[in-house]
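Same order as they appear, the protein sequences are chains A and B. Read left to right, the first sequence gives residues 9 to 250 (this note's numbering). Read left to right, the second sequence gives residues 5 to 210 (this note's numbering).
Since the hints were derived computationally from the structure, they do not count as laboratory data. Where is the CB? At the ideal position from N, CA and C, for every residue including glycine. Incorrect hints may have been included.
[Stated by the list, open to error] Cβ-Cβ distance ranges computed for the label pairs, FRET-style: (1) 189(A) <-> 12(B): 47 to 55 Å; (2) 90(B) <-> 207(A): 30 to 38 Å; (3) 242(A) <-> 45(B): 20 to 28 Å; (4) 227(A) <-> 9(B): 33 to 41 Å; (5) 176(B) <-> 84(A): 47 to 55 Å; (6) 25(A) <-> 202(B): 48 to 56 Å; (7) 164(A) <-> 39(B): 33 to 41 Å; (8) 176(B) <-> 207(A): 34 to 42 Å.
[Said to hold, decoys possible] Computed cross-link-like contacts, DSBU-like style, restricted to lysine-lysine with a CA-CA straight-line distance of at most 35 Å: (9) 196(A) <-> 71(B); (10) 151(A) <-> 52(B); (11) 119(A) <-> 40(B); (12) 40(B) <-> 196(A); (13) 71(B) <-> 8(B); (14) 230(A) <-> 8(B); (15) 8(B) <-> 119(A); (16) 196(A) <-> 32(A); (17) 52(B) <-> 196(A); (18) 32(A) <-> 120(A); (19) 8(B) <-> 120(A); (20) 230(A) <-> 198(B).
[What the hints assert, rightly or not] From the derived model, a few chain B residues whose C-beta atoms are all more than 10 Å from chain A: (21) 5; (22) 40; (23) 144; (24) 185.
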Amino acid sequence: MRQPGEFYQRDREWHPPAKTPDYKTSVTRSPEYSLLSLQQSASEITGPTFGHNDIDPIDNDMIHNYAQPGEAAIGERIIVHGRVLDENGRPVPNTLVEAWQANAGGRYRHKKDTYLAPIDPNFGGCGRVLTDQDGYYFFRTVKPGAYPWRNWVNNWRPAHIHLSIFGTSFSQRLITQCYFEGDPLIAKCPIVNTIPDQAARGQLVAALDMNATIPLDTMAYKFDIVLRGRRSTLFENRLEGN
Amino acid sequence: MVQKLDYLKETPSQTAGPYVHIGLAPGAAGFEIYDKELGWDIAGPNAKGERIRVEGIVIDGIGSPIKDVMLEAWQANADGNYAHSEHSGAVEEGFRGWGRVITDFETGEWGFETVKPGPVMGRNGKMMAPHINLWIVARGINIGLNTRVYFEDEAEANAADPVINLIEWERRRATLIAKRGERDGQIVYRFDIKIQGEDETVFFDI
Numbered sequence: 009m010r011q012p013g014e015f016y017q018r019d020r021e022w023h024p025p026a027k028t029p030d031y032k033t034s035v036t037r038s039p040e041y042s043l044l045s046l047q048q049s050a051s052e053i054t055g056p057t058f059g060h061n062d063i064d065p066i067d068n069d070m071i072h073n074y075a076q077p078g079e080a081a082i083g084e085r086i087i088v089h090g091r092v093l094d095e096n097g098r099p100v101p102n103t104l105v106e107a108w109q110a111n112a113g114g115r116y117r118h119k120k121d122t123y124l125a126p127i128d129p130n131f132g133g134c135g136r137v138l139t140d141q142d143g144y145y146f147f148r149t150v151k152p153g154a155y156p157w158r159n160w161v162n163n164w165r166p167a168h169i170h171l172s173i174f175g176t177s178f179s180q181r182l183i184t185q186c187y188f189e190g191d192p193l194i195a196k197c198p199i200v201n202t203i204p205d206q207a208a209r210g211q212l213v214a215a216l217d218m219n220a221t222i223p224l225d226t227m228a229y230k231f232d233i234v235l236r237g238r239r240s241t242l243f244e245n246r247l248e249g250n
Numbered sequence: 005m006v007q008k009l010d011y012l013k014e015t016p017s018q019t020a021g022p023y024v025h026i027g028l029a030p031g032a033a034g035f036e037i038y039d040k041e042l043g044w045d046i047a048g049p050n051a052k053g054e055r056i057r058v059e060g061i062v063i064d065g066i067g068s069p070i071k072d073v074m075l076e077a078w079q080a081n082a083d084g085n086y087a088h089s090e091h092s093g094a095v096e097e098g099f100r101g102w103g104r105v106i107t108d109f110e111t112g113e114w115g116f117e118t119v120k121p122g123p124v125m126g127r128n129g130k131m132m133a134p135h136i137n138l139w140i141v142a143r144g145i146n147i148g149l150n151t152r153v154y155f156e157d158e159a160e161a162n163a164a165d166p167v168i169n170l171i172e173w174e175r176r177r178a179t180l181i182a183k184r185g186e187r188d189g190q191i192v193y194r195f196d197i198k199i200q201g202e203d204e205t206v207f208f209d210i
């Protein structure tokens, strides 16, 4: 009898390590001791669930969800779409995907952001959506601009959208960043380069998707997200109970 | 030649950055966009059990509070049941078991109100002491850090807890135990998290 069991071990050599000195803030914000590996219990294989009552249908439209009536955000109109899958290639339905980003000029609507590029009065930079039965999601937004940050004196983040994904268990919880095909800043970014493997870095670059582009309206980028896969328990190996 | 293992690879993590609040707590970033921000109410009004507050600061490797952290909590109800389809027991209506808090920009203090969870059945029929699972992200943290909050007044259950007992260095176990106190008639558990250095909090690869 096949029953869902534990999630596959996270490949910590694929993810960035905690301490990555070229990304300076990590130096004092990284544990020195090794992580303690756990065999999963109910605390790890369960996680929060969300429903359509939790969000509004317009929440995934960042062009309009903070705009005045009749207005729209300024910038390159894009759709970011894709599927949330697990490592077995199975869709992850009904899972919450949250996004945040700077505006077209690289300025965040955040009281701590003092970059001199102006705020767009019709852009919040905040979106969220639930995947459908096939694990599919999409956002409508404007392409964010690059922006400078204080790391080395002349560091610029490539255009990116921050993404937060839940999956079905707390062990799948993930925050990452989506970059855009062809951006020359990607290769120069110390945050991107916290990821040691080139193929892993490539997994964060959304592809220009002309097939999903709406002619005379909106360009599209495809960004699939992969969460940890799950073992089938083929033999008796109960996580809980007796 | 052998057959290919055609598993996909997990999407690599990236730091949540300094402006995580925009996406996950926009009210704190200074603007209202959603009718309903998620994660403010963990237990709901109907949950039984002791009402508690859990609070603390997150401290970096040079002893300074980190003021741009987001923490998420995941916990069982007072009966030890998670609000999840794979957990057989029931939870009260409105009990989500999940919460999201951010640190104060000036002080670095965070805190959330909830109910004290009950013990949860662990692996191989071994009961786990009451605990709250925490996930911590911030600028400078490349991949979210997992830890657990246990409770000082559950000394007997803590001593038998299978996860605490995995920590070979007994001195480090204390970093997971929240201190119980009282303020204005409310039960408050203090749980400071030390990311790096002396008395570094135990973090898990779950």
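Structure-based check of each hint:
1. Residue 189(A) and residue 12(B) have their C-beta atoms about 19 Å apart, which leaves the hinted 47 to 55 Å range violated.
2. Checking the proposed 30 to 38 Å range against residue 90(B) and residue 207(A) shows it holds: the Cβ atoms sit about 33 Å from each other.
3. Take residue 242(A) and residue 45(B): their Cβ atoms lie about 40 Å apart, and the range 20 to 28 Å is violated.
4. For residue 227(A) paired with residue 9(B), a C-beta distance near 35 Å keeps the hint of 33 to 41 Å intact.
5. Our hint of 47 to 55 Å for residue 176(B) and residue 84(A) holds, since their Cβ atoms are close to 50 Å apart.
6. Distance hint for residue 25(A) and residue 202(B): a CB-CB separation of about 21 Å, inconsistent with the stated range 48 to 56 Å.
7. Checked against the hint of 33 to 41 Å, the pair residue 164(A) and residue 39(B) passes, with Cβ atoms roughly 35 Å apart.
8. Look at residue 176(B) against residue 207(A): about 36 Å separates their beta carbons, and that is inside 34 to 42 Å.
9. Of the supplied pair hints, the one linking residue 196(A) and residue 71(B) holds, its CA atoms being roughly 28 Å apart against a limit of 35 Å.
10. Note on residue 151(A) and residue 52(B): the hinted pairing is violated, with a Cα-Cα distance of about 47 Å set against a maximum of 35 Å.
11. Our distance criterion of 35 Å between C-alpha atoms is met by residue 119(A) and residue 40(B), whose separation comes to about 21 Å.
12. About 38 Å separates the Cα atoms of residue 40(B) and residue 196(A), which puts this hinted pair outside 35 Å; it is violated.
13. A threshold of 35 Å between alpha carbons decides the hint, and for residue 71(B) with residue 8(B) the separation of about 46 Å lies outside it, so the pair is violated.
14. Restraint check for residue 230(A) and residue 8(B): satisfied, since their Cα atoms lie roughly 26 Å apart, inside the 35 Å limit.
15. Only pairs whose Cα atoms come within 35 Å are accepted, and residue 8(B) paired with residue 119(A) is rejected, the gap being roughly 50 Å.
16. As the CA atoms of residue 196(A) and residue 32(A) are separated by approximately 15 Å, the hinted pair is consistent with the 35 Å bound.
17. Our distance criterion of 35 Å between C-alpha atoms is broken by residue 52(B) and residue 196(A), whose separation comes to about 53 Å.
18. Among the hinted pairs, residue 32(A) with residue 120(A) is consistent with the structure: their alpha-carbon atoms are about 19 Å apart, no more than 35 Å.
19. The straight-line distance between the Cα atoms of residue 8(B) and residue 120(A) is roughly 49 Å, outside the 35 Å bound, and the hint therefore fails.
20. With a CA separation close to 39 Å, the supplied pair residue 230(A) and residue 198(B) exceeds the 35 Å bound.
21. Every Cβ of chain A is farther than 10 Å from the Cβ of residue 5(B); the closest lies at roughly 21 Å, confirming the non-interface assignment.
22. Here residue 40(B) does not stay apart from chain A, with its beta-carbon only about 7 Å from theirs, under the 10 Å limit.
23. Distance to chain A contradicts residue 144(B) as a non-interface residue, since its nearest Cβ pair spans about 3 Å, not more than 10 Å.
24. Every C-beta of chain A lies more than 10 Å from that of residue 185(B), the closest at about 25 Å, which supports listing it as non-interface.
Hints 1, 3, 6, 10, 12, 13, 15, 17, 19, 20, 22, 23, counting from the list given before, are not met by this structure.
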